Amino acid sequence: MKVDLTTNLGGLKLKNPVLTASGTFGFGEEYARFYDLSLLGGVTVKGITLQPRIGNPVPRIAETPSGMLNAVGLENPGLEAFLSTCLPRLERLNTAVIVNISGFSLEEYAQLAAALPEDSCIAAIEVNISCPNIKDGGMAFGTDPRSAGKVLAVTRKQTRLPLIAKLSPNVTDIGAIAKAVADNGADIISLINTLLGMRIDIKTGRPVLANTMGGLSGPAVLPVAVRMVYQVYKAVRLPIIGMGGISCWQDAVEFMLAGAAAVSVGTANFVNPLAPLEIIHGLEAYCREKGYHSVQELVGLAHCKEELTNDGKR
Amino acid sequence: MKVDLTTNLGGLKLKNPVLTASGTFGFGEEYARFYDLSLLGGVTVKGITLQPRIGNPVPRIAETPSGMLNAVGLENPGLEAFLSTCLPRLERLNTAVIVNISGFSLEEYAQLAAALPEDSCIAAIEVNISCPNIKDGGMAFGTDPRSAGKVLAVTRKQTRLPLIAKLSPNVTDIGAIAKAVADNGADIISLINTLLGMRIDIKTGRPVLANTMGGLSGPAVLPVAVRMVYQVYKAVRLPIIGMGGISCWQDAVEFMLAGAAAVSVGTANFVNPLAPLEIIHGLEAYCREKGYHSVQELVGLAHCKEELTNDGKR
Amino acid sequence: MLSQEKIISHRLLGLQHGIHQLVLRGAIAATAQPGQFVHLKVGATTEPLLRRPISIARIDRARGEITLFYRVAGRGTALLAGAKEGETLSVLGPVGKGFALPGEGELLLVAGGIGIFPLFSLLEAVDRSRVKVKVLWGAESREFFEGAGLAVLRELDVAYEVATLDGSLGQKGLVTDLLASNLRREGGGQGMLPSVMPGFGRGDSVLRVAACGPRGMLKAVTELCLRQAVPVEVCLEERMACGVGACLGCVCTVTTAAGPARRRVCTDGPVFDGREVVWDEG
Amino acid sequence: MLSQEKIISHRLLGLQHGIHQLVLRGAIAATAQPGQFVHLKVGATTEPLLRRPISIARIDRARGEITLFYRVAGRGTALLAGAKEGETLSVLGPVGKGFALPGEGELLLVAGGIGIFPLFSLLEAVDRSRVKVKVLWGAESREFFEGAGLAVLRELDVAYEVATLDGSLGQKGLVTDLLASNLRREGGGQGMLPSVMPGFGRGDSVLRVAACGPRGMLKAVTELCLRQAVPVEVCLEERMACGVGACLGCVCTVTTAAGPARRRVCTDGPVFDGREVVWDEG
Ligand SMILES: Cc1cc2nc3c(=O)[nH]c(=O)nc-3n(C[C@H](O)[C@H](O)[C@H](O)COP(=O)(O)OP(=O)(O)OC[C@H]3O[C@@H](n4cnc5c(N)ncnc54)[C@H](O)[C@@H]3O)c2cc1C
Ligand SMILES: Cc1cc2nc3c(=O)[nH]c(=O)nc-3n(C[C@H](O)[C@H](O)[C@H](O)COP(=O)(O)OP(=O)(O)OC[C@H]3O[C@@H](n4cnc5c(N)ncnc54)[C@H](O)[C@@H]3O)c2cc1C
Ligand SMILES: Cc1cc2nc3c(=O)[nH]c(=O)nc-3n(C[C@H](O)[C@H](O)[C@H](O)COP(=O)(O)O)c2cc1C
Ligand SMILES: Cc1cc2nc3c(=O)[nH]c(=O)nc-3n(C[C@H](O)[C@H](O)[C@H](O)COP(=O)(O)O)c2cc1C
Ligand code: FES
Ligand code: FES
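Residue numbers (the working numbering), protein chains in the order written: chain A, 80 to 393; chain B, 80 to 393; chain C, 23 to 304; chain D, 23 to 304.
Read the hints as simulated data drawn from the structure, not as lab findings.
Since this is a predicted model, take the numbers as computed values, not measurements.
Heads up, a few of these hints could be off.
[Stated by the list, open to error] No farther apart than 25 Å at their CA atoms in a straight line, the calculated lysine-lysine pairs in the DSS-like style are these:
{"hint": "1", "chain 1": "B", "residue 1": "LYS384", "chain 2": "B", "residue 2": "LYS313"}
{"hint": "2", "chain 1": "D", "residue 1": "LYS106", "chain 2": "C", "residue 2": "LYS106"}
{"hint": "3", "chain 1": "C", "residue 1": "LYS241", "chain 2": "B", "residue 2": "LYS282"}
Given only the sequences and the hints, what does the whole structure look like? Please build it.
Structure follows, in structure tokens:
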């Protein structure tokens, strides 16, 4: 039986539902040494900002039980260098490219969205709303439904590319944020970004990360991410890209059952560069075994009361 | 060198800073088979409610990477049976007892606090504000600063016992909640309660937990907990009881450096029943090595810019 | 209660069903009772985090050894399968309330699949010169039995009947079919004690059933027994965290005079009186 | 780039410093260069999560073997120490830009503590019939050297000087003292190429330094070299996640014409021109 892996996320068409997560896959080239990136559903590139950023001092990485903290601080070459240097190389990867953008004001988000060409390999824009709103006291845009909505609204005006709103998990009510971005022009929701965490070196008594706090990712966060995907699936009708700790196909199935129409692989790349490919194959085999013709049949099944039988029926 | 382990948390005097966490230590008796509980700083008993509760159906437990989910649903014998049956037995443990209370309305919190005797082995009351406020739409009391403050205010009126406010980590701004409980009569703050999480069984397509979602605990949550202790230490002046994934003395040191004046051991008891004792000894040895006369000298050191030298100086 | 036990032998019984036999030497054997279990740490790191409950299948007090049989079911048992002879494991136990040990009469042991393991210990402990014992065991196929300690049964020289789903060994069907026909064989109406084995059923002889297996099977076994007023003990399974009664993670529901109540499978069980257990709960 | 390598031998060199020698056979040896490293998976579960970077210390292309030396520093290396001969490890590599391989002149290898390991591979790779090589190595004490491959140095039959903090072997003091006196021995003012070994320093001979060790030491080595216009390469360490240049976790700062810029230690390094590195940053 052939399983149809194609995935259509409100205008973003992918050959399969497996993407790579922003910030964990550089601008694609690093992992091109391991396999042909055109096998992926798509790649999401490192978050770009209007101006180049040299990011935070080191240490930027700390390990945690089944997870890691990072405080890279959005190091990136800036919009201009991205367009002139990175984009032409991305064209050659022959895969759907999602560009992750980060602004420190509404205008920055708008400028970034406006500058990304609609006729290139760029298949969608992922709007990272976890950045601090420096004009408004530094709380992240993504922690308040109103400011999250505003970011999407201003970005929406600037582009016809599909817009993915990337949600921060560091909030009381993820459903409220999801509704706000859905009401303001998001086509797709991706989640979760990293959980805010911290470690202290007991030898020196100081935080391990130069930046004191950092973002937690990896398997440790998986149950929180699955829960939030489940909640957002209940809260809004937009397609969801699920991520957070996915390291094998079983994890990916779990996210799709919770409501994700596609998944992103992040930290797992660091441990097993072949993880995204293994996940594509595992998803296909799982569908075949359960008798599904399309991988999209999995989406949201955990919301039904009945159990799956061995042949995928209820 | 003798290290002074005694710990005074705003009126709650402990022989050492190591407690056990509510819900992970029954009413004390189960672990009394492993060691003399009077060696502990104290024990926190399972959360009690006004009425007896049979809790959630099974499965109540799911494993996650370096962590676990529980959805016990506050199973407990209720206030009356607690006072008549559990309390007399707790008296015999010869250790400081902290009683964890959970209410579904402000009145319930008040009634529970009023009913706990001030002249027994009960050394403090821990107010679990993670319960859903059923009168007010079901959002947990602890996710909104105002309702969190109200719970503390009504409880404060009913007792002269030290009041510990136990914070939920499922919030955008933990500092705001901490300020609210501090302003409304809390003597001590304990954190973190469990993070909301979920797992799905890919064989059945259904959530693993009968209750769909549950609370994440264990090593996986440690970096989030350390971060929140650090933030609360900055936000308020109250003593902090830190918990969340502590499984060895190194973890306990990390919490104390972040700002906790005492620590609670939860999930680690399930894996290593002797963990609390090993932590007490490890804390003592660490202080001795660093040249500290009192374990309390550790508290909050990560907030200073200088590194610790080998002999504990800066 | 917390013991470092040395791995004396560790072997795979049959590839297809991934069942391993693990012999441990240490303090547990001295006090272990049939139906109790151990709570095992299966790795050195925090992943997997929780201990794993495994029934004590054989107890050799003289040598200070217990034998466990386990099936590789997931990542925890897969990791355990890598433990080597000579290494030590952290073992919490013996845990729980085991089977009642009848001093006379007849005992029917009813097992579904790997539910046979805790029954091995009961079989060994019971004084077979005074109690007549028979084993009824059901599983998928002949291979299963061969990879799951059928040799142990033979070695213990006990009367047994088996049933397989595919008919490849013994009777084709379920173990409850075996039980039903055993109970039927001797008639046994309401209130009257039935006797199931030829030569049994005289006067004072009391038949008891001890069962272990999937929940659905235990429910059916209990119903069959209750219909004939045969006392039945069932050994339950539930997901566990602490294994010592502290977390309330592993409860089942029982009927009491005061209404339905929770019991902890780890310490109030895992063996319960079948009559008490509430089988159909949400 | 991703290779399953078989453990050919694995042994502890000295208890006190917990340094292990690990020989792996597989695809990495074919292309490994001195100064490159491997990124090792140290366990089978997600805990610890990240791979561990370890320098390639010896390369035996004929046998397809690489040798690593590592010190047990924390939980990851402690777990690695339990890996047994015959098992396989998942190895990502060879990673990074290694040392320049001088074809003539003089080469001074300066090591602090376990910083000697990547220098072993350079020492073996350099054509010593054309390049004069000397090793300067500093550490705490005599025991350290004995547990950290001093035997390898002796076996490689190279000129070396050692310094210990406690004076228990070689000169009492720091390796930078050795370097300073070696550089001083032959004078060598600004712009003039100094020559440090007796018989060196004729006409066209060029002295280079390759150094590895703690950051403070590398900084001091670089300053000493720059003062005498001696080209110096340093091998840096930084906490790594991906090890392939994708995560930007492991950066250092270098000076460029356009101002300070970040470089990835894993793929732009770990070997950098000492002149470029910005040593004092926040
Ligand atoms: C009292 C008792 C006695 C048991 N005796 C035996 C025995 O003798 N032989 C044997 O092969 N198995 C026995 N089991 C089942 C055994 O505990 C599980 O197969 C095992 O825990 C699965 O762990 P895993 O890591 O391989 O699977 P995973 O699915 O990775 O486990 C994930 C989590 O679920 C729990 N879990 C999964 N399956 C079960 C289950 N069936 N029962 C309880 N918890 C489960 C695990 O303990 C773990 O916490 C017993 C269970 C109980 C409760
Ligand atoms: C390019 C490179 C080459 C290296 N070569 C060697 C070698 O040949 N021999 C050797 O003994 N050591 C070497 N190291 C250091 C070695 O990587 C660390 O000692 C090791 O990662 C510690 O892991 P752990 O789990 O034991 O310690 P933990 O402290 O538990 O590690 C926690 C985390 O911090 C990281 N970490 C801790 N210490 C270091 C460190 N010094 N450098 C980088 N990351 C660190 C770990 O990789 C891990 O992610 C090298 C490091 C780098 C960057
Ligand atoms: C090193 C690192 C850098 C990251 N950088 C970004 C980023 O620039 N923009 C963004 O939206 N998310 C970023 N993330 C978050 C990931 O895209 C992803 O949301 C998160 O790591 C959870 O997935 P995982 O557990 O599979 O890694 C980064 C994560 C890591 C680990
Ligand atoms: C099984 C279980 C039951 C719990 N029950 C309660 C409870 O009744 N009241 C409460 O305030 N916290 C309860 N908690 C939360 C713990 O007290 C603690 O805050 C949390 O588990 C984090 O600590 P840990 O990671 O060390 O377990 C429970 C935790 C677990 C694992
Ligand atoms: S497993 Fe904790 S009470 Fe049974
Ligand atoms: S470790 Fe990821 S860029 Fe170097």
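Consistency of the hints with the structure:
1. LYS384/B with LYS313/B: 14 Å, holds
2. LYS106/D with LYS106/C: 12 Å, holds
3. LYS241/C with LYS282/B: The given pair, whose Cα atoms are some 23 Å apart, holds under the 25 Å limit.
Every hint, counting from the list given before, is met by this structure.
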